[in-house]
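**Q** Listed below are the residues making up each chain.
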Amino acid sequence: METQELVTIVPWTFIAQILNLFIQMYLIKRFLFKPVNDILEKRQALTDKEIKDARTAKEDADKIREEYEGHMNGAKAEAARIISDAKKDAQFTADKMIKDAETEAHDIKVRAEADIEQEKKKAVNEAKDEISSLALDIAGKVVEKEINEADHRKLIDDFISKVGEAS
Amino acid sequence: MNVEINGARIFARIPTGIPVLGDFTINETLVVSWIVMAVITLLCIFLTRNMRVENITKRQAIAEMLVETANNFVRNNTGTRKFDKLIPFVAALFTTSVISNLISLTGLRSPTADLSTEAAWAIVVFIMITMEKIKAGGILGYMKGFTEPIAVMTPFNILSELATPVSMACRHFGNILSGIVINGLIYASLAVASSAILIHINATLAHIPILDVGIPAILSVYFDWFTGVMQAFIFSMLTIMYIANASEG
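Protein chains in written order, with this note's numbering: chain A, 1 to 167; chain B, 1001 to 1249.
I should point out that these hints are in silico values taken from the structure, not numbers from a laboratory.
Some hints here could point you the wrong way.
Chain A is nowhere near these chain B residues, computed Cβ spacing over 10 Å in every case [claimed, not checked]:
#: 1; residue: F1011
#: 2; residue: I1139
#: 3; residue: I1197
Lysine-lysine pairs mimicking DSS-like chemistry, simulated, CA-CA at most 27 Å apart [stated by the list, open to error]:
#: 4; chain 1: B; residue 1: K1144; chain 2: A; residue 2: K29
#: 5; chain 1: A; residue 1: K42; chain 2: B; residue 2: K1082
#: 6; chain 1: A; residue 1: K42; chain 2: B; residue 2: K1058
Where is the CB? At the ideal position from N, CA and C, for every residue including glycine.
This is chain B alone, in the form it adopts within the complex (with noise of 0.2 Å):
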């Protein structure tokens, strides 16, 4: 038996003509993108709605409390409130995050199984610290930053700091696609065994792969709910990290 785990689907290719960017596909990263993003601003409107200053209903309890979740969430980390102004970027990007590993669980493929999205985390990510150690230190104090602490340590310097949004991107991509992996892998050896047992009782039978159904959630709590949550918390830690140690220059 034959297991294929293949990229995402593409839906339509829209022709572009532009020489490097190649055509524009509206594949399934895409597809479940919006569909995550449409989930995240729904429940956002939900929880927001008919708030009250006092006699706050559950919802708005919980509203309040992932506000307050993320304020403390990065004000913790950096130390001051001198980031607050990245508190909605980082709480996009960890839900965004989270919904989309864990959207893998209704059966949609995830749009972070696509290094693509992961990159173009990672690379808005390094942009932000970039900025961040330029205002810190100017343009000159950046680029003499790369020559310390001896000048023949530049390339490796310069290869450190690329190294950051590679390995941000990489990590959070490899990660939610060995979780891919793995699921296919014990989907098709499960279906293998219960055909190998049930073929003993009925070759009709032998078709239908009952140890699929159960076993395979079991493993999911660790390579969906956990690697999830997980992965989403460590991109968004990261990213607030860098961005708070790239500011004291």
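Only chain A is shown next, with the shape it has when bound in the complex (with noise of 0.2 Å):
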């Protein structure tokens, strides 16, 4: 069979095989390359969702986290603040009550020490109404009868005696 030069380039297959490079680079971007990037491209479609979907998430489990968080802190300040509001309104009510009691104290005091002058009072008037009946008394006897030295002695000492008993 008749065959080419061993070293040779042959212009029709020269021009051929330049043609085929192109046909064979066609072929593979349409083959291989194309649906393997648009295969590609779909897988990094999807994880950029997922990405995406899983920071959404993120965000949204924040906020209610925050939201939780402040509510917390709302009703922890709340707590604290019913709990000084009573603390303060047992403080008054304690100091109220011992004030009044004081105050009640003293009252009963001055109110004894009050009686109690009255009552030294009373005595004392009594018993000058004593002595002035008393000394009426001596007086009425003086008159009736003379007095002497002897009778004298006796009505003082009487006098001192009755008062003894009066006072």
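Need the complex rebuilt from these two chains, each delivered in its own frame; the hints are there to steer you.
**A** What follows is the structure, encoded as structure tokens:
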């Protein structure tokens, strides 16, 4: 069979091989690169979407957590306020009670002292009345009879002993 | 014993009557090229069948790996994503080259054992380099580039510019051809050696080249497998490097 030379450039083969190279390029592009790149793009899109979804979910969760924490802090503050109010109320009440008690005790004491003073006055007055009536009696007796030295002495002693009894 | 190493066989000759181009010949180079193209295309179709986004098959993993490898090869060697349009071209160049080189293992004649093939590829690459240079520096900048560093250098610069495709084509062709020549010599010499041994046993047995079984396979690891893949790699690598350099002006 006819053969071409070992080292030669055959013009038609040369042209055909240029065309073959470009045809091969198209075929590889069409049957390997295009489908694979399509799949890779789809996968990329899917991954991007999943990442985006995950990020959104995380943001939502963060928001909910923040809200919850806000609520918790509010509740804590409320509780603290209630407790401090109650403490204040209790302190106030206690103080008031102590003060009332003190006032009352003072009043009672004052009243008792006043009563004592009055009783004393009353007793002194009674004593005075007695003394004056005795004095009137004595004066009457003196007027009734002649007084001597002995009678005089006796009268004074009587009087003093009567005063001692009365007091 | 004579050893004959021939060029590609010519199966048919179609006269065209065009003076310079001559007759169109259907030769071994073209026929095997078509076989190579069919193999690559069928492989691509096979690999990308039933592709899914999730739960991928091994076949799809291989297809994706090939695409990723091609992408990385071009992007890493140019350092940018500017040349992404070239990826299918470089992939076609590399794949065609590898399969053409390795198809000699099946007994067919490599299309790359014909200088026409490499010359065709090198010219395409050369035109791409030149276009890239003109795009980067304008037609005047491209012309001016030849007179640098001094005007006297112009002929040498033109020579070195033309040397690029010639060296690319000849490097690839030379490696493949040398493989064929050495393989031919080894087969012939082993046949002579085996007949020299077997003649002592029986005259008819001497015609069986017993040593040709197995021994050339060891040598083909280097001459077919290593050289075949290496040359395809070098050709694609140079293509990418030259085009990337050209765009830098």
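**Q** Work down the list of hints and note, for each, if the structure agrees.
**A** Okay, the hints, checked on the actual structure:
1. Residue-level check failed: B:F1011 sits 8 Å from the nearest beta carbon of chain A, not beyond 10 Å.
2. With 10 Å as the threshold on Cβ separation, the claim that B:I1139 sits away from chain A holds: the shortest Cβ distance comes to roughly 24 Å.
3. With a least CB separation of 31 Å from chain A, B:I1197 remains clear of the 10 Å interface cut-off, as annotated.
4. Taking the CA atoms of B:K1144 and A:K29, the gap is about 37 Å. The hint is violated against a cut of 27 Å.
5. Between the alpha carbons of A:K42 and B:K1082 the distance comes to roughly 23 Å, so the proposed pair stays at or under 27 Å and holds.
6. A hinted pair counts as satisfied when its Cα atoms are at most 27 Å apart, and A:K42 with B:K1058 qualifies at roughly 19 Å.
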